[in-house]
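Trainee: If you want the building blocks of each chain, they are given just below.
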Amino acid sequence: MNRALRSLAVIGVALVVFGPLGLIFYQSFLSEAFFFPTAHFSFGAYRYVLADSGFHSAFGTSLLVSLGMTLISVPLGSLLAFLLARTDLPGKKWLEPWLLVPIFLSPVVLAFGYVVAVGPVGFFSLWAKALIGRVPWNLYSLFGLVLIAGLTHVPHAFLYVSSALRSLDPAVEEAARVAGAGPWRIAVTVSLPLVLPSILFSASLIFLLGFELFGLPLVLGDPAGLLVLTTYLYKLTNLLGVPSYHLMAVVALSIVALTFPLVYLQRRMLRTAGRFAVIGGKGQAFRPLPLGVLRWPAVFLLVLWLAVTVLVPLVGVALRSLVSSWGEGIKLSEVLTLDHFRELTGYPNLVRGIVNTFLIGGIGGALSVAFYAIVALGSHRWQSRWVSFLDYLVMVPRALPGLIVGLAFLWVFLFFKPIAPLRTTLFSLWIAYTVVWLAYGLRLISASLLQVKPELEEAARVTGAPQGEVFRYVTLPLIRFGLIGSWLLIFMMFVREYSTGVYLLGPGTEVIGSLIVSLWGTGALDLIAALSVIEVALVGVVLFIALRVGVRLDA
Amino acid sequence: MPDLIAEKIEKQLGTAQILNGVSFQLQQGEILALLGPSGSGKTTLLRSVAGLERPDAGKIELRGKVVFDAASGFEIPAEQRGLGLVFQSYAIWPHRSVFENVAYGLRLRHAPEAEIRQRVGQVLGRLGLGHLADRYAHQLSGGQQQRVALARAMVYNPPVLLLDEPLSNLDAKLREDARAWLREIIKQTGTSALYVTHDQTEALAIADRTLLLDRGQIQQEGTPEQIYARPTNLFTAEFMGSNNRFEGKLVEVGRERGRLEAEGWTLWGRLRATKKVGEKATALIRVERTRLGDGPGADRLQMKLNSALYLGERWEYLFQLADLRIRAWGEERLQEGDYWVSVPEASLWIF
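First to last, the protein sequences are chains Y and F.
Taking the working numbering, the leading residue of the first sequence gets 1, the next gets one more, and so forth.
Taking the working numbering, the leading residue of the second sequence gets 1, the next gets one more, and so forth.
Simulated from the structure, these hints should not be mistaken for laboratory data.
Among the clues, some could well be false.
[Claimed, not checked] Over the 10 Å line for every Cβ pair with chain Y, so calculated as not near, a few chain F residues: (1) Gly51; (2) Glu79; (3) Leu108; (4) Arg126; (5) Asn169; (6) Val277; (7) Asp294; (8) Gln335.
[To be verified] Within a straight-line C-alpha distance of at most 25 Å, the following computed SDA-like cross-link-like pairs (lysine to any residue) qualify: (9) Y:Lys453 / F:Glu53; (10) F:Lys275 / F:Ile218; (11) Y:Lys453 / F:Gly143; (12) Y:Lys331 / Y:Trp305; (13) F:Lys8 / F:Pro159; (14) Y:Lys453 / F:Lys275.
The C-beta atom is built at its ideal place from N, Cα and C for all residues, glycine as well.
Put together the whole structure using the sequences plus the hints.
Mentor: This is the structure we're talking about:
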């Protein structure tokens with residue numbers, strides 16, 4: 001790969017990142033949607049949004065939700081990371097893959113699952129009522145939303161903290177143990193303080209993700225009248241009757257204004273903490289810390305979290321898809337049916353949605369991995385200002401929630417007439433997905449590239465191979481398993497993606513995730529349940545394959 | 001014409017000056033060792049020759065052809081220099097068989113298949129790897145991997161063979177055998193070789209000539225005998241061998257000799273630096289030249305035996321006199337007490 005090609009890759013990324021963002025910026029200074037001939041320069045949209053009390057309360061709610069979920073997920077995730085990475089927790093080999101499952105579940109499916117499982121007339125709520133006479137919880141509350149957001153983001157904290165713990169020299173814990181400290185004390189006074197940079201990093205990441213939440217607040221916040229910034233944006237779509245693009249652009253920019261500094265902060269944190277700086281240890285086998293009497297309480301904690309976060313919503317979704325109706329006084333055995341799945345086939349758009357989901361995950365995912373690989377190879381072993389520019393460039397999509405990227409690409413396809421016909425094809429969806437998952441995908445590929453020792457490539461160069469030949473002969477064959485693993489992971493992410501497709505949804509671009517969001521507005525619970533089951537099954541099968549072939553989920 | 005000429009190579013990494021104007025020449029068929037402690041810049045120098053690093057200043061010529069010139073910004077990339085490089089970690093491509101690893105350089109040069117088979121077979125045979133052609137790196141021992149790396153670098157007859165600490169990943173016993181074997185192979189093929197090592201014994205054994213580097217500068221250049229037996233500066237003297245060190249003040253200076261004195265002792269030695277009476281100086285003698293004496297004399301010191309360590313093939317004695325501690329080797333166990341230690345004037349260098 002020569003200079004020109006490499007620069008081309010960087011310019012391509014810049015185009016797909018800054019194009020849409022620039023359009024949002026431009027739109028925010030117009031008096032109305034850009035396609036109206038009367039649209040002119042104006043601060044009106046800013047004046048309207050910034051003065052709107054609904055915007056203020058959405059901002060406040062977003063802040064509370066972000067803070068609350070960080071305070072729940074970081075301590076719990078760190079504790080679980082310690083238990084799984086450092087102790088002799090019974091059955092941890094078997095439990096560990098389950099810990100990461102929530103990452104691969106669509107939040108909108110989870111939220112829907114909670115509604116039908118523990119909502120006012122959910123399965124578990126009614127069973128609880130039958131037992132103790134009342135429903136002891138209220139799902140539709142700020143607390144309910146924060147709790148569920150917190151619990152479902154535990155894996156993000158777990159991921160970073162456990163990878164830091166694994167590179168911690170076990171000798172520091174053994175020293176504490178010899179000095180007389182028990183496992184709890186070791187965790188709190190030695191291990192976790194030593195990985196504080198990673199804990200703080202995961203906290204800032206989860207705080208950021210809080211502002212990008214869409215599925216959970218859409219489904220769980222709505223009945224209680226709770227709006228966060230993303231759902232406020234979504235509501236604006238239909239507020240004025242005419243497309244209020246200028247207002248949406250301002251809200252989108254205000255979200256980016258919040259998330260971008262957080263992404264930048266994380267970058268600084270990564271540089272100082274050094275994600276790859278191994279604190280010590282030679283990776284040798286070490287004896288895990290014996291938990292002693294704490295063994296079973298620890299297992300209980302983990303299983304309880306799994307039950308609440310994965311089992312309850314999934315059981316809810318599965319049951320809901322199998323009953324004709326549900327409410328007080330209905331016996332489960334009398335309403336079981338497979339009709340909802342049959343019903344699906346009667347809606348051509350839903351059938352297309354299922355096929356499209358599969359296509360965008362399988363073929364789209366493969367194309368995206370190829371694109372990420374080209375970009376990653378473009379900057380691989382290349383000392384250039386282009387590379388540090390690319391480094392900053394890939395930060396940008398991380399600050400953009402899928403909802404906003406989808407919106408921006410909708411505008412791009414409306415704005416640039418020559419590419420307008422592509423809007424109603426899967427291509428529009430694919431390019432938006434590729435941008436949303438750009439940072440994640442590049443991280444997957446670079447993780448594989450990091451495994452290739454530079455000497456292996458240098459040896460080929462000295463032997464006489466030009467750069468492109470080096471990639472073809474040495475680098476690519478060595479990372480081929482990494483590429484396959486990346487494809488499986490991207491497949492799952494694309495299948496579970498829902499918010500990016502919301503604005504691009506139209507005949508030809510239906511996918512399960514965005515269909516669920518749009519069906520949620522119509523209250524078609526039967527169809528949502530059936531679609532959710534299909535989506536979870538699709539992800540489940542790929543997850544099973546990924547685990548069987550040994551793909552690391554914690555990339 | 002020399003095979004390789006490097007002129008005033010400079011390289012800065014961050015704020016650290018890695019190479020500080022290093023120049024050397026490599027004659028045809030010669031093995032030149034780049035010896036130095038870690039951080040001396042020897043590997044950077046080798047990688048600059050290979051084209052894997054770009055020096056900030058200087059010029060490199062291969063067989064009379066300029067491959068790098070900082071002044072004009074000219075640089076021939078690594079893949080077009082046609083050199084052979086043996087990496088410290090061997091860098092055998094794990095996804096290719098031994099045969100394919102070795103054949104790659106010939107394939108890149110578009111050699112016909114029959115010739116590839118013949119030449120790879122020949123070089124593998126010569127390095128004793130003939131029966132391993134179909135194996136992969138993980139099926140080879142460290143010594144075998146090292147030979148595959150060598151075969152891969154030699155098969156297309158590069159004008160200069162570069163070796164970056166090729167033996168440092170072998171265990172001690174294997175390393176001693178490989179030393180002699182490696183020199184023999186390189187000498188047989190007649191290529192010139194640049195050999196980076198931090199191990200002085202290796203440099204002395206393998207190289208025709210040695211360049212001793214420290215902090216990016218050449219400290220001394222010469223044959224192994226010159227470097228070991230006739231060091232021109234304190235760094236070279238101390239870096240090579242095991243030494244006893246004397247700190248004192250010059251009290252008398254004669255023709256190329258001087259007398260160094262400190263509390264409790266005075267000794268004559270060969271003056272190897274221009275120093276005047278009254279200046280502080282350091283004297284050095286190789287431990288093997290320090291002997292037990294049979295009685296008092298001009299080059300004798302009466303010292304107390306602190307301890308005697310049994311090292312297998314010899315004893316090491318540790319003597320003390322006031323603040324002065326020195327080591328000597330001998331064949332037998334010594335009882336506690338005072339001894340006469342001989343520090344011959346001809347072997348004591350004053351810097």
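Trainee: Any of the earlier hints contradicted here, and which numbers?
Mentor: 1, 2, 3, 12 and 14
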